[in-house]
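There are 4 protein chains.
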Amino acid sequence: MARKALNIGMVGYGFMGRAHSNAYRKVNNFFDLDYVPVLRAVAARNKKKAEAFAYSWGYESVETDWRDLVKRNDIDAIDICTPNDLHAEIAIAAAKAGKMVLCEKPLARTAKEALPMVKAVEKAKVPNLVWYNYRRIPAVSFIQQIVASGKLGKIFHYRSKFLQDWTISPDVPQGGAGTWRLDVEAAGSGVTGDLLAHCIDGAIWINGSIDSLTAMTETFIKKRKHADTGKMQAVGIDDASAVLTRFKNGSLGMFEASRYARGHKALYAFEINGEHGSLGWDLHDLNRVAWFDHTQPSNMRGWTSILVTDGDHPYLGKWWVPGLTIGYEHSFIHTVADFLEGLSTGEKVGPTFRDAYETALVCDAIIESGKTGKWKKVAGK
Amino acid sequence: MARKALNIGMVGYGFMGRAHSNAYRKVNNFFDLDYVPVLRAVAARNKKKAEAFAYSWGYESVETDWRDLVKRNDIDAIDICTPNDLHAEIAIAAAKAGKMVLCEKPLARTAKEALPMVKAVEKAKVPNLVWYNYRRIPAVSFIQQIVASGKLGKIFHYRSKFLQDWTISPDVPQGGAGTWRLDVEAAGSGVTGDLLAHCIDGAIWINGSIDSLTAMTETFIKKRKHADTGKMQAVGIDDASAVLTRFKNGSLGMFEASRYARGHKALYAFEINGEHGSLGWDLHDLNRVAWFDHTQPSNMRGWTSILVTDGDHPYLGKWWVPGLTIGYEHSFIHTVADFLEGLSTGEKVGPTFRDAYETALVCDAIIESGKTGKWKKVAGK
Amino acid sequence: MARKALNIGMVGYGFMGRAHSNAYRKVNNFFDLDYVPVLRAVAARNKKKAEAFAYSWGYESVETDWRDLVKRNDIDAIDICTPNDLHAEIAIAAAKAGKMVLCEKPLARTAKEALPMVKAVEKAKVPNLVWYNYRRIPAVSFIQQIVASGKLGKIFHYRSKFLQDWTISPDVPQGGAGTWRLDVEAAGSGVTGDLLAHCIDGAIWINGSIDSLTAMTETFIKKRKHADTGKMQAVGIDDASAVLTRFKNGSLGMFEASRYARGHKALYAFEINGEHGSLGWDLHDLNRVAWFDHTQPSNMRGWTSILVTDGDHPYLGKWWVPGLTIGYEHSFIHTVADFLEGLSTGEKVGPTFRDAYETALVCDAIIESGKTGKWKKVAGK
Amino acid sequence: MARKALNIGMVGYGFMGRAHSNAYRKVNNFFDLDYVPVLRAVAARNKKKAEAFAYSWGYESVETDWRDLVKRNDIDAIDICTPNDLHAEIAIAAAKAGKMVLCEKPLARTAKEALPMVKAVEKAKVPNLVWYNYRRIPAVSFIQQIVASGKLGKIFHYRSKFLQDWTISPDVPQGGAGTWRLDVEAAGSGVTGDLLAHCIDGAIWINGSIDSLTAMTETFIKKRKHADTGKMQAVGIDDASAVLTRFKNGSLGMFEASRYARGHKALYAFEINGEHGSLGWDLHDLNRVAWFDHTQPSNMRGWTSILVTDGDHPYLGKWWVPGLTIGYEHSFIHTVADFLEGLSTGEKVGPTFRDAYETALVCDAIIESGKTGKWKKVAGK
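Protein chains in written order, with our numbering: chain A, -9 to 371; chain B, -9 to 371; chain C, -9 to 371; chain D, -9 to 371.
Errors might be hidden in some of the hints.
Since copy identity is lost for identical chains, a pair holds within one copy or between any two.
Said to hold, decoys possible - Using 30 Å as the maximum straight-line C-alpha spacing, the simulated DSSO-like pairs for lysine-lysine come out as follows: (1) Lys364 to Lys238; (2) Lys238 to Lys361; (3) Lys37 to Lys215; (4) Lys212 to Lys366; (5) Lys361 to Lys371; (6) Lys141 to Lys212; (7) Lys144 to Lys371; (8) Lys255 to Lys61; (9) Lys238 to Lys213; (10) Lys212 to Lys144.
Worth flagging that the hints you see were computed from the coordinates, not collected in a lab.
Predicted model only: the values in this text are computed from it and were never measured.
Build out the structure end to end from the sequences listed, making use of the hints.
Here's what the structure looks like:
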């Protein structure tokens, strides 16, 4: 009954730092696992904030330089929750130090920046994972399983979007703690890497690789004050992104992300249409799957709303009873549970750095096509 | 190809006069029938209004006394669209004159008042029908068929409500053209006869007879100005009505009607729960059936929203193509279509006066139980 | 009170022939108008079918050659309900004969084919209209009014789709009575002209002209039997069409049409996102408007489902009472009502041939971009 | 920054033991509180299961007799998660020992059994709470606040139901671990105490006390095997319960609970209709509030679906960002957070034992009226 410790060194203490820490703390209450995450240390430049974070979450110690964290012998895994511009350096150093690496998405600002990270973890042969957490919303996992079973038959359409509305005001700055995602230096891109990357990761997982695409990107507000400098500066990110794709399996894709879609808080949604049925899901009602079964008698057909809360749905046997829902944070707990299970079984748990690199390649193609207006073949991972 | 005329004499020109007239005018465009309704005459005391109505709808002539209409030899069927207090006298006279009678619901103000009407049409052996139109919303007909097929197994629950919010203001008068439904003299009862009667008719049709019930009724606004006298007068109708019932098949019923349910315009809704499945419907989204099929694999179960617009759904083969909806008025067209078809086949088309009398008995029991607070056995029809 | 006759000569007796005829027959029952359509004649090559149609709908006479219809002096307006390949010839002849012309959409198979039609009606100065009926679904009209009022502020996004699933089987033929829409010779294009054209017409009406676009089109099933020849033949139409657009007002558009979207019968849907609010609608629930009002207090904001059935909603004052819905066919009745009203007032009623020509230009650009993969500027109407 | 320990002694290790333990473990990660719950001991007769539970949740020790737990000096609060028949004895002993008591709902099997518990905690002056957790679903708390603000004006209707379908099979036993809720000895009543009690607690909290009621109860399956004895035994619980009530504020109530409502897993739902607006909620979509605001312009009115996930919604400022949802378990975390906050401020945190006693009185009246068929005045708490 003795569980093995997996000593976690966390870098960053922001929103994602909380989501991951919560996952580490809860996973063993609900899942039977050989490993138990131990919150050894959190690293962040601001010592006071790091200490407050450690206090809230029970981290045993604090580092003010992530390099010191990476050096520590009592750390097994580095979890990277910093802005995107720091992912590569930290991940590569951690891999070189023989640590497992769990990195927030997107893997890096660009595919070019991501590739050395992939190579580093593969060379070091360390378990590695990118936190595309929405794969492990039970409803999403369930859809992936149904599609993989072939139940839908030939696939014709995959459409996905991630819509928000929090940057419509010109007063939102770029850069800074809560708003670095508007700063192209820190983020690499705008909605494409932040939001659409989730759609792409999900699409590849569920519907396979994307062959080629054409995209339209837009920056509605051209200048914003930078939180660090206090000066108005050109905005380098994409505020909205829309994409047409052809998948390798012959199906057509439509993708969209925006932070200017008034009324949508975090509406990640997708739908897949096949010969024998269709499936849909959205993040606002994340416990539900929309299911159309064309094999039913024709006068009884319709879209069925499956409330994914039962013991025979993915992950749900570990939680409550039918009808009682879980939320956003559980996707992270499931990610940790699968990662820990993978350590026991030796099986790869995705999305690995290599998997996330493919998503980065698609995102790069989108940004480029947004500039050239031309169709672009997605490079192979 | 020559169709037989069914010569219609309409009494009244209000909201229901329009709904019925529209049905008579359209039915032969969409249904293949032996009979064609011919709009011979409309009777109403106000000659000018009757003439305007006749002009809009193509009635050939006008009478200012319904007695003259009943006497006419060129009329086959009398359609009664007056306030409730006139139903009995007109229907009985029409039956005596050998006319078919189509009467707006409720049949009369009370079951006691209704019984002689039933006897009159049965003695005269004339085709007779009460316009409980919602039976012939295709989705409702479809539900009735599914339940009748036994697909749900043993029935446990039937719940139904009809909610509106148009009388919340104390400034709404009682009596008068648009507001006679608030005047107990004209209407007989309030929401019980006006709204709940639809719920009861549907319940009996779908789930069988009601054995016994207990009810709560309320008049929220105790005095209202009378439109005729201009004086404040005690309100005699029920503003809200709530009922618990036991059906003869052992299932439990809950019924509610109100004109004080803010936010609901005309929300007639019902749901039936059986051993193997459940069905639901509401008037605001009248082309949809909610269907839960417990025989599906457990992890794929959910409520299916069937869009009832296809050729293999009741009545829909006569209309457009899948996905294209119909509305409220079509329930009247279907009623006429079935009535005319019944004239050809000789089969009884419900709800007959006798059927509607059962609904009246239930409504009377509700009003009485609302006063006594006691359970009441429903008298047999 | 005497109304003027508008003598209608109908060409075709198919699905649209029914929808239009129903509109002509009903409009005066509900709308107060100076004009009353009189169903003078229907023209179709198959005399027997034409006669049956005339009988069902009350047309006074039958012609077997539309040219004879156009020549008749007792006809004021020609209504074209044929397959698309006949629109141009008939419309031009009718205009030359001084008839008003009401033409089913799309105006023609291509913009090139449409242009002489536009010129013909403009030269003849005859009232002309293209039946983009969905503009006059009350919910859609209401949205157009709200957007036109400026209530949404600056517009960022417009997305629209029209999804069906009826051609997934390879056994569906091309050509023939019910399936001419799959035959490129008769239809001009596939889903682009049939379905997406509605989306484009609505978008231009509500959000203004489209500046440029890029598109992806696909034909999933490459060969189908032709109903006329009985032989397998290459399919020339687009089965699916997806488009990215830039509107002249700076907003971004996404459009999609498909007949391979399993589970969707006739799902025409659109959403528009502005600075201060958003609006959405779909054809399956056509009496509802989705409305997000960002000016509400932040903790009370959400998507409001407006049931568009009240007297203060467009066209609804003419129908029933709040909560009682109308359906698909009413969009045609409203089109006729507005057209007749326009005859009285002399005001142009859209979409005119010129308006529909702009939609044709967009559709042509889509088809071309689908082939070249390049962005295309939309030509000016 | 040093937090005070609140030493918890848990009795029971079932479903509710997990839900409460999870709440104790998580509350300080998200809420800034003076107190931190410390999981000192769990008591249960089955030592092996108690140890496994302690291991999963980090309880420091195990007791096999709750009496030993109550005696321990290192315990501040006793949390009762046993079947209902043990609540009274444990709670009274705990209060006498000067412990705070947190008791799962319903307080006891009957109001009569509950009263001494109320007196015991009040005499001992110990903080006490009953886990009617649904009050602290943020959407429910939000509704309570809106109603309390008077925004709805005069209230006319309150309707609430709790529907499940898990006991339809006659093979479900009574008694035993997962099925003691079917055994009247252990549970006291069936759906009335288990499910409807939540509806009643919520109704009293939101709409005030219930004056009187009439009820219908039913046991559909009359005999079931007892899990302990293995013998078929008469079923003593109510399978379904339906109630009409009059509230002291003059509004009308309708309540229903059933475990025979096919298709509903745990559908706790309620709606309240007032003069100026209405509010609704259900547990399956627990992050949403349905809101109808009659003060909006008449043509823009409708039901608004508020996604309750923002910082200005109750409790949500402690969680994630707008659009990211929480689930069932969070209601328990909020309960603990408020209880701990109450310890700091000295303010009473409801529902106290006294509050839950009122709910018990209502439930008793329901059971009695279900037998007599008569209206019953609810006794004062």
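Now for the hints, and whether the structure bears them out:
1. Lys364 to Lys238: Intra 19 Å, inter 21 Å, cutoff 30 Å: intra and inter.
2. Lys238 to Lys361: Answer is both: 24 Å inside a copy and 19 Å across each meet the 30 Å cutoff.
3. Lys37 to Lys215: within (27 Å within a copy, 63 Å between copies)
4. Lys212 to Lys366: Cα proximity of Lys212 and Lys366: in one copy and across copies (26 Å, 25 Å).
5. Lys361 to Lys371: both (22 Å within a copy, 28 Å between copies)
6. Lys141 to Lys212: between (46 Å within a copy, 24 Å between copies)
7. Lys144 to Lys371: Intra 25 Å, inter 40 Å, cutoff 30 Å: intra-copy only.
8. Lys255 to Lys61: Classified as neither; 40 Å inside a copy, 51 Å across copies.
9. Lys238 to Lys213: So Lys238 and Lys213 pass the 30 Å test across copies only (21 Å; inside, 39 Å).
10. Lys212 to Lys144: Only across copies: Lys212 and Lys144 sit 15 Å apart there, 43 Å inside one copy, limit 30 Å.
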